[in-house]
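Novice: Listed below are the residues making up each chain.
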Amino acid sequence: MKRRTRITTLFCAVALAIAGCSSSASQSRGSAASLATKAAGAYPTGPVHLTMWWWGDQEAHGAKAWLADTVAAYEAKHPNVKIDTVLQTTDGLLPAFQAAAAAKQGPDIQYFWGGIYSQQPAWTGQILPVSDYIPANELKHYLNASVEDTYQGKIVTAPWYVNPQFPVLVRKDVLAAHGLQTPTTWTDLLTTCDKLSAAGVTPMAGGVKDGWFGGWLYSMLGGQTITSQADITAAVTGQQKFTDPQHAAWWQRLQEMVQHHCWNSDINSLQLYEAQQRWVSGQAAMTVAAGSDASNFIKKVGEQKVALTVMPKFGNGPYAGKISTTSQTVGITAWTKYPQVDADFIQFMHTPERLQAWYDKTGSMPADDRFDISKVSDPAQQSLFKMALNGAPYPENFIPTELDSNAVFTNVQLVLKGARTAAQAAADMQSQMARLRVTDRAIVKNFEAWTR
Amino acid sequence: MPVATTASASTVATKPRSKRKRDTSWGFLPWVAPAAVTILFVFGYSLYQLFTQSLQYQGTWAGLDNFKIVLSDPLFRTAIAHNALLLLVVPILLALAMSLAILLFETRRGLRGYRATLFFPYILPIPVVGVVFGQLLQFHGALNKVFGAVGLGGLASDWLGDPSRALWTMAAIIVWKEVGFGIILFLARLISLPTEVFEAARLDGAGFFRTHLRITIPMLRPLIFFYIVNEAIVMVSWVFNYVYVMTNGQGGPGTSTVVSELYIYRAAFQDQHPELAAAASVLLFAATLILVVGFFRLQRGEGTFGE
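Protein chains in written order, with my numbering: chain A, 1 to 452; chain B, 1 to 307.
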């Protein structure tokens, strides 16, 4: 027994010693991240095989066909290059990339949502800044890159298409059947909710089972009381608090919506796309869609029955009553062998012919100011695109992803279920952020460096 | 003669034994070594990585900081509490599996059909189970519609959407899926037990409950221990799939279904804290190890399955 104890103790001591000795300092604790670099080199003439992991067909239907065409056209232009594309699921996009990054193999080109979703991989050295490979006079045309995707003067990922976040889709026919019109003020909205729910109609259809819609609600409501994205990052770094009125007011509004039965009663057990079908079938009067997908929903129901609006205004901030804007992006992974080819393909995605083809296939807006919005024939879509061009920053993209999933997603679910009050939700968000400053020991420095 | 017989028997018994001893010392090595090296390398390397990462932060020595952070994290404590609550399901699983196995053993008629039916959930892939139950248990899903149709609308609930019910709903689904394994396990053992014992008991006037309480359960005891430990390990470190599929990897609503594995997964692959994931994994590994060691100790006390 004694011998066994001794062996166990020895084993533990050796394990601790080995673990302790095997440190290879890569980044000093608490300092801001420096970006990965790799020499570009000349465009290769030998065989090149690239892999692209992407997401987007889920919110921009037709993207798959567009990407297949784009790859085929690029391969025809460069016969030595072969590109495989792998469409990822919504829940799998981030974990799959993290696993690939840990193994330092997988995609050469990776899809990233904007803002924090493109920043964090850059901070951890998982991607190479695209501005190291794409000339500045090309990148200046890519929409939203400077606000969301720039770190220490470098653009880390390249915007692909714009997502105006988030239009509220209204069934005019359903409202009219109950003597109602599209709500334009917050009070209007609550009155509409009362009347429709009393009549047995779902005022707004949503689903938060997978959490993501919680982030949308944060952006639509929480954006109304801030003065700039710097407010959000200040709350992240600790200069402001998520319990301060400008950050906490939206929880109160969400709670009001619950009290007025604005949402479907099963919102917690549905995913958003399931709930959106209720709007399509006329069971719900309103829903929220990704801006890139709005045109598809309008087509399904019929233009004359639908109004496209924004979340009614309650706040006094400069962004109240505005659509937020963000660009979905692609980046070059740190382990790719051919960053110059990756970059060349990204630029090819932005050629005038490909930009127009993107709009034709998906009905959504390419993230490039060289795309001529005046040629968009649908007035609703054109107006949405214009709103996006002058849009507000997208709040969800300026908080740590961990805070999003651990505080926003979860508290939205609980507030919608009536299991947590607005004040409790705000307090929890603040305490989650405080915890995050402990668990992620570089987060404050990275956010400060990002917003500097 | 008897002496000679004993001596020769002893000689006969000794020689092969010593030969066998030599065989077991070296003979198996060429066959076992490659597998052993592979397993030891994979397991050893994983453990090395796990311990290394758990004691570092971004490549620098962090001592026990990661363990302190994990242990003070309310989310981790919530996750562990949920695993502990799920452990309460093990006795229910055991009672259900035992009862159904005994009923099937007693019924005999249609045994194959019942056995297949009860085992069927166990062979279903968890994602399929998750998707099907996810649909069935929606607030406007089939189960609540059935309740409404038979006048039990008051029982309708948001089974997976209500934070106060979600964990128990998930536990019920795990029971539904896991109970088949226990039934087959116990039934297989029951069928192999000597029938004379049961017949003798019946002749002595023992009824159904007395027979199974006094004879069946004691004879199944080693298997019961195995099943308890196996299911306890399931509840501590194998419920990730259920939670991931049914809550889209969120552990919601709120944090109502977060379990330790999901915590580790999220720390490693979503939140980019491999060091915290490693520290939590070490703790989970230790908990599982305690269960396994406990099982072997109990097993040693009770005798092996065949005895």
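Since the hints were derived computationally from the structure, they do not count as laboratory data. All residues carry an ideal CB built from backbone N, CA and C; glycine is no exception. Treat each hint with caution, since some may be false.
[Said to hold, decoys possible] Derived pair list, reagent style DSSO-like, types lysine-lysine, alpha-carbon separation capped at 30 Å:
1) Lys305/A to Lys322/A
2) Lys68/B to Lys241/A
3) Lys145/B to Lys195/A
[What the hints assert, rightly or not] Rough simulated footprint, nothing fancy, chain A against chain B, three-plus residues with beta-carbon under 8 Å:
4) 30-43
5) 84-94
6) 107-120
7) 194-200
8) 214-224
Novice: If a hint holds in the structure, say so; if it does not, say that too.
Specialist: Checked hints:
Proximity of Lys305/A to Lys322/A is assessed by CA-CA distance (about 23 Å); at most 30 Å being required, the pair is judged to hold. Distance check on the hinted pair: Lys68/B and Lys241/A sit about 25 Å apart at the alpha-carbon level, within 30 Å; holds. Restraint check: the Cα-Cα separation between Lys145/B and Lys195/A comes to about 26 Å, which is no more than 30 Å; the hinted pair holds. Given as covered by chain A, the stretch 30-43 of chain B fails the check, having 0 residues with a CB less than 8 Å from a CB of that chain where 3 are the minimum.
Coverage of the stretch 84-94 of chain B by chain A is violated in this model, with 0 residues showing a Cβ closer than 8 Å to a Cβ of that chain against a need of three. With 0 residues having a Cβ less than 8 Å from any Cβ of chain A, the stretch 107-120 of chain B misses the three-residue criterion, and the hint is violated. For the stretch 194-200 of chain B, the stated coverage by chain A is violated: 0 residues have a C-beta nearer than 8 Å to a C-beta of that chain, whereas at least 3 were required. Chain A is given as covering the stretch 214-224 of chain B, and this is violated because 0 residues of the stretch bring a CB closer than 8 Å to a CB of that chain, at least three being needed.
Violation of the numbered hints given earlier is confined to hints 4, 5, 6, 7 and 8; the remaining hints are satisfied by the structure.
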